[in-house]
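Note that the protein sequences, when read in sequence, are chains A and B. According to our numbering, the first sequence is numbered sequentially starting from 1. According to our numbering, the second sequence is numbered sequentially starting from 1001.
Hints may be right or wrong, so weigh each one.
[To be verified] Just the calculated beta-carbon pair ranges, DEER-fashion:
#: 1; chain 1: B; residue 1: Glu1245; chain 2: A; residue 2: Phe66; range: 53 to 59 Å
#: 2; chain 1: A; residue 1: Phe319; chain 2: B; residue 2: Pro1334; range: 45 to 51 Å
#: 3; chain 1: A; residue 1: Phe66; chain 2: B; residue 2: Gln1325; range: 55 to 61 Å
#: 4; chain 1: B; residue 1: Met1138; chain 2: A; residue 2: Gly156; range: 36 to 42 Å
#: 5; chain 1: A; residue 1: Leu493; chain 2: B; residue 2: Arg1131; range: 56 to 62 Å
#: 6; chain 1: A; residue 1: Lys605; chain 2: B; residue 2: Thr1262; range: 33 to 39 Å
#: 7; chain 1: A; residue 1: Leu825; chain 2: B; residue 2: Gln1325; range: 49 to 55 Å
#: 8; chain 1: B; residue 1: Asn1279; chain 2: A; residue 2: Ala615; range: 50 to 56 Å
#: 9; chain 1: B; residue 1: Ala1119; chain 2: A; residue 2: Val821; range: 51 to 57 Å
#: 10; chain 1: B; residue 1: Arg1102; chain 2: A; residue 2: Asp501; range: 24 to 30 Å
#: 11; chain 1: B; residue 1: Val1082; chain 2: A; residue 2: Ala604; range: 55 to 61 Å
#: 12; chain 1: B; residue 1: Asn1323; chain 2: A; residue 2: Phe133; range: 50 to 56 Å
[Claimed, not checked] Footprint (simulated), chain B over chain A, 3 or more residues, beta carbon under 8 Å:
#: 13; segment: 394-401
#: 14; segment: 451-460
The set of hints was computed from the structure by calculation and includes no laboratory data. Built from N, CA and C at the ideal position, the CB exists for glycine as well.
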Amino acid sequence: MPRTPESEQQLHQTWAPATGFPGVLSEVNNRILGMRFMITAFIFFLLGGLLALLMRIQLAVSHNDFLGPQTYNELFTMHGSTMMFLFAVPFLEGLAMFLLPMMIGARDLAFPRLSAYGYWVYLFGGVLFYTSFLFGAVPDVGWFGYTPLSTSRFTGMSTDFWLLGLSLVEVAGLAAAVEIVVTILKFRAPGMTLGRLPLLVLTLLVIGVMILVAFTVLLTATVLLELDRTLNTSFFDVNRGGNNLLWQHLFWFFGHPEVYIMFLPATGIISMVIPVFARRPVVGYVLIAVAILVTGFVSFGLWVHHMFAAGLPTVSMTFFAAASLMIALASGVQVFAWIATLWGSNPQFKAPLLFSLGFLFLFVLGGLTGVMVAIVPFNQQIHDTYFVVAHFHYVLIGGVLFPIFAGIYYWLPKMTGKLLSPRLGQLNFWLTFIGFNLTFFPMHIMGFLGMARRVYTYPRSLELDGYNLVATCGAGLLGLGVVVMLVDVVYSLKRGPEAGDNPWDADTLEWSIASPSPDFHFREFPIVTGRHPLWDPAPAASNELTALLQLREELADEPQFWRGTLVTDATDTRPVAIQFLPGSTYIPFWTAIGTLVAAIGVLAKAYIMSAFGGAVLVACLAIWLLPREATLKLLRESDLPSRTGLPVMSSGSSSVAWWGMVGLLSIVGSGFAALFYSYFYIRLFSEQWPQEGLARPELWLGGAAYAALVGAAFCQRWGMSRFRDNDQGGARLRYAAAIIIAAAYLGLQIWDWLEVDFTHQTNAYGSLYFVLSGAMALMVLVGLALTGSVLLRLGRSHPRDHVHLRLHLEITTMFWTVAAVIAALVFTTLYLSPYLL
Amino acid sequence: MVISGPTPPVGRISENHSRRAIGTRCGYDWWVGTALASVAVVLLTGCHSEHNQSVLHPASPASEHIAWLWWVLFGVCTAVFVAVMILLALAIAPRSRQPVPRSPIGNKFIVVCGIVLPAMILFGLLVATLRAQVALQMPRTEMTVRVTGHMWWWEVEYPDHGIITANEIHLPVGEPVRVELVSADVIHSLWVPNLQGKMDLLPDKINVTWLAAERSGVFRGQCAEYCGVQHALMGLVVVASPRAEFDQWVADRQQPEAVEETELVRRGREVFFESTCHNCHSIAGSEAVGIRGPDLTHLASRQTLGAGLLPNNRGNLSGWISNPQALKPGNLMPHTHIESEDFQALIAYLESLK
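For reference, chain B alone in the conformation it holds in the complex (with noise of 0.2 Å):
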């Protein structure tokens, strides 16, 4: 006490203090069971959708196993948060009597519910992790695909089968593949979250991860570190198939491209090489080696242009090529300005690279 301070007022009630029981305390209530009824109604309303970019619907080993994990933390967190805000309603619950200076709860209590029980349950959590790290572990790989971040698009190189592509990366299903993973220029990140956590591009080491699908599929992955302007539209398509049809995919990109020789496309390839095209873009069995932007050997069978952006089609080619700007702004690829004529033949020449 200050000497010669006010009286202490210890368990004296104030006269401010009004005591009305919890849940008539204020009319808000019936606004907070209504928001959160239009926030349930909303969230249900999202269950329809592919779910092909989703940590929850894993299709591989890796996100199955981190999956579970989430559901064993979402359990014992759910169960934790639930138990403090009951003990915190009780805690502040109206009482009848007249309340006593002193709590009747002591040290025991926090030593109890602070340090003990939580270390325990930390404990578990502990080797929860543990356990996954080691089933997340690189399996044996027959396979090895580099990936080479760039602002905005990936590169994506098989060293074993001597193809290059672009924004896409194609598995057999069930067998693992060992990922390298190594930035042209700012730090990136791969994230596949159906099949695998997210591993970083640096400039100056390479990354190591592992991807390994369970079954069919076409899922979404999306880089994962701030990387400048166009971060956002960096995406990519993972294409998990049966080993046959991998098989058939690689040998097709071994092949030099197959042009069908009709007059447009022959005009298509000429414009292709008079403009600026090749400055950036190579094309396997040409004399196009440009490396500043995604190879196009075998463009017109990619899933996706524009790192994921549009699905590969003629009106979206067009439109990308003739205004790169409007539909990825900041991006890398100037306009380039074609007459008409030879716009319709440069499109005939790249729809012809299957």
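Extracted from the complex, chain A is given alone in its bound form (with noise of 0.2 Å):
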């Protein structure tokens, strides 16, 4: 339709923020959500850099008082936990959110109320990490929480506290990683193949997979932990059977992978940023991508490097040494690209920039440092010492805060609509960069002297009082740069000069709009040519040009009435799709503080507490998931699909939800093989399978309970085949003859419980038989729920809701397959390979 003033009157009216108390409950656009993800996670910032400022005042000198041992291990703890979980990847999963559908031509994220949920369990997450303090449990076992020490034997309700904060903020990760992939696979502009995709955005499609699968690995060792804790279950208790390396393999599975899914973003910023000030194209942009692509796949195979003082085989360390000694020659390839991208194009020495350039000071060093502790021998010296506190805040502050810096200068106009003061910049920039080398250069040497970290002090003898003065001395210099950039933010929301649209003449789409941004960001959806859209030449005239524009031009300011924004297919970017977009709805923040009550319930070892969580975590999950009939009919009457040719609702790879599911079967997935990897890593070291000399599994039974399992969803794929040949009444007979079949498994499932002679207490072996069929179990009382919704609507639909309907099964039937195959390893794993291996 033609814009007009009215058109877009209208369309910001659509698109208008939730406002007043407690409307902001409520939000869902990615444009607040981003703001509000960044701005929490930058006051966790300073919330973890004061505690390091008391680490550091206290380790100024030897044989300080200031504080006690337990509390120093407290403050350790807790600046780790912040900096790691609390701030690093939130924050750039906030500026993903923010910036992501701006920069490919969207109008929002996938899933709008995603990401609310993603927020308020991020947010619920990190206060409970706090409110330790007011309990006087504040979590001591650092950030990595080695067993046996975080186990019930050694620790108490402080460790409770930082795992069930830690799986809050894990869950609101994962959410986020779903909402960034499918949003870049499906909303982008046509013309932006991926072969086009800017660089940023080509990290966060490659670190939101990355998360997926890290994170899930993460959350399944820490429910697993806390099994340990509250149910009694072995995984690591030697005594019974458990293994305590298991631990720290799962950690550092996640942990290593985590420090590049921090680290690969911060070189997509950088990718952004030098070019522009660079006035030219980036140099080597296949190369960049592939090693970007090559970092996240090897970073999956580095972890054990945190392990080399633990007594495993030598050839193993070596293997791992040698992965981490390649992943160099990725990053080098990007450190290169961008000094030829640099070379002689007399650079603009703006803020951005000049973080830049101090990043790639810090990051070379630290990286080099990285280098040396990969070295097997060499690491056995230095591993837990301050060499490494050294190499890692080179990497993190030096590798990921710095462009994190560098993009707050760069986008804040974006936000607010105001310049920083380029003054305050650079003060900023001489300050940070002076104090974090006074900081944590002289750390190397401490390390070599004997400083061994996580101690609250350190002898005289030692003379390592010198190093740790200037150490304090530069955080305090650190911390005044940081001040320095919060007077600035704050100075230019009410003074700063106008940024206009485009105040660093850049190349992305992001600054083809306005500064502040509005919040449906394009009243058209652009059409993208090249790697560098405002750069780019205008193309030549051609039949699937033409085509594009009369459908950008029926497009403008439309929908107008509801949020929608342009599918396009992921490999050839051509439009599919229109897909409606939830605006605000409290149901994300029930939602979580569901999730939340069922955390404190398992914390306060209230566990009817955790059942009514449990409970409304259930009920809002329907609420949200249930299509509504009033969105049913808006969309069924959309004159959309008569003048564009697109349809609104859409069902298979074209609509989001299928890729929701896709997402949400990946996490499963991930969850699963964790279990796996635990089962057979501890029956590795068990000189006898089952443990104790228990009885091994009984076929038949398992057999039978795993047969129906895969029954069921055999039975749903054959209703979704009934159901494609119109014949919606033999669909919905196979999917409740699916339905009880599947309680056959679980009532099969039980028998099987009861009858083993051990429990999840007895020994690991034990505790992982129950929890591998739990998991599998839990598995199906998911499908159920969504088999049941199914048959809900089979045969009362209505006849125009269709292609609705069948995407609905779609995803119930994906969900099956995979809980089939899924059940035929977990049979493979507990029933058979006691009787094989």
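Could you fit the two chains together into a complex? Lean on the hints.
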């Protein structure tokens, strides 16, 4: 439809943010949620920094008594946990949530309610962490929580605070990852093929996938440890067959990719900033893209380099050392690509570029000490010393925080419409750069002179006082730099100069809209013809282009009365559908409350409360997922399909819900993979299997149960094909039969649980048995809820909702198909492998 | 380009750009120089300590090899760092002519500098690693020491000689010793940097490392895996002495306690058994068989108290026993309330345990 002032105003109204209280609890728009994420993460950053300053004061002189050992240990645990879990990834996810739609030409993220849920759960998790101070139960096991120290034998409720706060934050991270991946795959503007992605978007796509695998493994590990602590299972209890190193393997399988999850988007920011201030396109785009992919993939093969002192076999350590060295090549490619981009460009030394240059200096230094610590014998000297503290702060502050600061200076104008002060930016940079080096460079030497990590004091005889004092003074300077930035931000909000649309003459799509960006971003979708949309020359005319221009004309300021955005094909970005996006709603908030209450119930060992929280959670999810008649009516009656040829209700890979289920199943699959790993790992180090001579499982009972499960899945696939042949009655019959068969599976599994002569508390074998089969049963229960909801709609829905109903069946069937595959693996692991191996 | 977007500004110098040569970019350079100089001064003043817990002052073949490896790494990595920074400086150096819209440098530069050259360097480092790992393999040993980690002290046993001591390892110079490591509770890590890389003490697996001192000396070590509230003060000493001295030390340890029977000492032994001491501590040749705390046999000849915390002398011993929590808050030794006279007797008894 033609663009008019009225249509623009209506668009503003449809996309208007929720205001007032409790209105703000219902916000789902990515712009606002992204900023909330970033502000909350930055507050946690300040808290974590404050903790670090307190630690540095304690360490300024030997035998200091500013903080006692218990308090110091709590502070370093909270400092590490805050920075790693509550600041770095959430801030980058917030930046992604804010920027992504703008950068790819979309109006919002794929799952607005999920964004809101993710924010609330993140906030609740972070607050739960810090509530531990009120209860005098502050976590003190380090940010890595090694067993046995973190088992209930050695620590109390403080560790439960840590585990549960962490679980909530992990869930938020997973939610954001699904968002990011699906949005990038489906909402890109026509013409923005994968080969033309802005490099920041590519890094976000890669880390989205990494998060789905890595965070799930950590979530599994925290759940297993929490089970050990509450239900007395024995995954990590060495007296009952558990394995101590298993925790380290699971944790570092997450922990190493975690730092690349932080680092890759940071390099993405640099790849956005440097070309703009060099005023030329980035050199070696394909090499950088390959480097990003290689880094993401190889980072999963490095984790043992955190365990070189644990007594592992030399051969395996050498493999991980070689892989750790190899990944330096991928980082090196990026560094030289940036140098090449800058070569002879007379760059503008504005704050974003200053921080990028600081990043290059600090990250190369930190990366080189990283190469050093990858060398096994050298690692065995400096592991767990201040040399490593120096290394990772160089790569995390230099390699992640400096790019984040560059990004703040670069994109804040897009958020607020105001520019930051160039002079304060310079002051901030030099204070931060000098303060940082003063703080952390001496730590390399301190490590060599014998200063171990995680110590609240050190002997005077080691003569470390001078270095520590310098480090403390440097920390003060660093803090001052951050304060300067805060002052700058606050000042610019009030008095900063207007930024305009594109204050940096940059090349990506977000700079083609106003600053601050409108809530809907684009009135009409952009058409992209190269890697640098605002710099590339105009394309030649073609039929395809004409068709796109026509479509764009039709969709300008549309949909008017509901929130929608264009969906394109993942590979060739041709328009395939218009996706309905929900407006403000309180459901995500209440779902998060349910999650929080369930977590607090576990923490307080008040399991009734957990059950209540779980019930709230389930009820909210049902309300969330079940389609509303009002929405369906709206979409049914829309005239957009007839005007544009694009459906407003879609199914299959044209619908984001389909991709959302793919994301969920990736998480479930990773979780089960972690459980299988734990099973075979514990088995490898057990003298006999089953442990303590327990009887091997009943093959016929397990076989019958799992055959029923697979049968239920097949039945639903059969029902799906009946549906495709327009036989809704036949489909209903088969879905109903599937429910009965799945119930039979549950009955048989419960029979098996009652029959075995051990419990989950007997030993690690028992724990694994019950938890693996329990996880399978939980998945089946979720599947039954899905099937039930299908049955509610089959044969009763409006004929014109056929496509939507098909989507519903597709995702249900997808879920059950994967459940069947996992069932086969669970059966093989639990029931067959004791006989075979 | 976005259709109907603004005209591309490639190659255009923005109005805000100001050209200033590197080095005069800002007046902060002076501050940078002063700061670096101050740092250098501080660093150099740390050069006169004993360095008895230092990676870079090796006293064994193992740590010597690792120190050599470090200097190779340092050389290579410093050279690489300087080279990369020079390239960066050259890249951003101001040019007098108009900047070209495309970089003059292409993919070949990136591939050579980012993949080919680093791969060669890294391969060389990998070879150095393998050589070091071969050199650091455990040699043939004639003696075994078993170290059990506790929260927050070290139990040291010589199974071949029937000796138990605590927080102290004695070695004969020039002879490698096999060290078996296990933990009684959480994960600890034995680290004596002058002699060897660290190795964890695990509760469910015996790890094995080796120690060999090339010269006599007293070397300090520390727990290097966070193990709870007093991880920071879980230290130990390793005493390397010539073979004859070491044999004498072993022989002395194998004697049961040779106690001079003065009145005070006898009273002190009574106090030891009347109060709670013997519940946790054992003394060979007496009825004290407690295992929760360090073995106190031959306590008086130990170098330190409190796991490397304090030098072993009368004053520190008194201070430690009367209030262990003040010196090492959170450790597992409680206050013991003993009358002043009895306390003196107890000290005399403990000092007699040579």
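Holds or violated: 49 to 55 Å for the Cβ distance of Leu825/A and Gln1325/B?
holds, 53 Å
Do the beta carbons of Glu1245/B and Phe66/A sit within 53 to 59 Å of each other?
violated, 43 Å
Okay, Ala1119/B versus Val821/A on CB: inside 51 to 57 Å?
The hint (51 to 57 Å, Cβ to Cβ) is violated, given that Ala1119/B and Val821/A are roughly 39 Å apart.
Honestly, do Met1138/B and Gly156/A meet the 36 to 42 Å range at C-beta?
holds, 40 Å
Note whether the CB distance of Leu493/A and Arg1131/B lies within 56 to 62 Å or breaks it.
holds, 59 Å
Do the Cβ positions of Lys605/A and Thr1262/B conform to the proposed distance bound of 33 to 39 Å?
This hint is violated: roughly 57 Å between Cβ atoms.
Establish whether the coverage given for the segment 451-460 of chain A by chain B is satisfied; the threshold is a Cβ-Cβ distance below 8 Å, and no fewer than three residues must meet it.
It holds, with 8 qualifying residues against the three required.
Is the gap between the beta carbons of Asn1323/B and Phe133/A within 50 to 56 Å?
violated, 29 Å
Okay, the segment 394-401 of chain A and chain B, do three or more residues pass the C-beta test at under 8 Å?
violated (count 0)
Just to be sure I understand the hint, the distance between the Cβ atoms of Val1082/B and Ala604/A should be within 55 to 61 Å; is that true here?
The hint (55 to 61 Å, Cβ to Cβ) holds, given that Val1082/B and Ala604/A are roughly 57 Å apart.
Is 50 to 56 Å right for how far apart the beta carbons of Asn1279/B and Ala615/A are?
Check passed, 51 Å falls within 50 to 56 Å.
Range hint compliance [Cβ, Arg1102/B to Asp501/A, 24 to 30 Å]
Because 25 Å falls inside the window, the suggested range holds.
The structure fails hints 1, 3, 6, 9, 12 and 13 (numbered hints given earlier, in ascending order).
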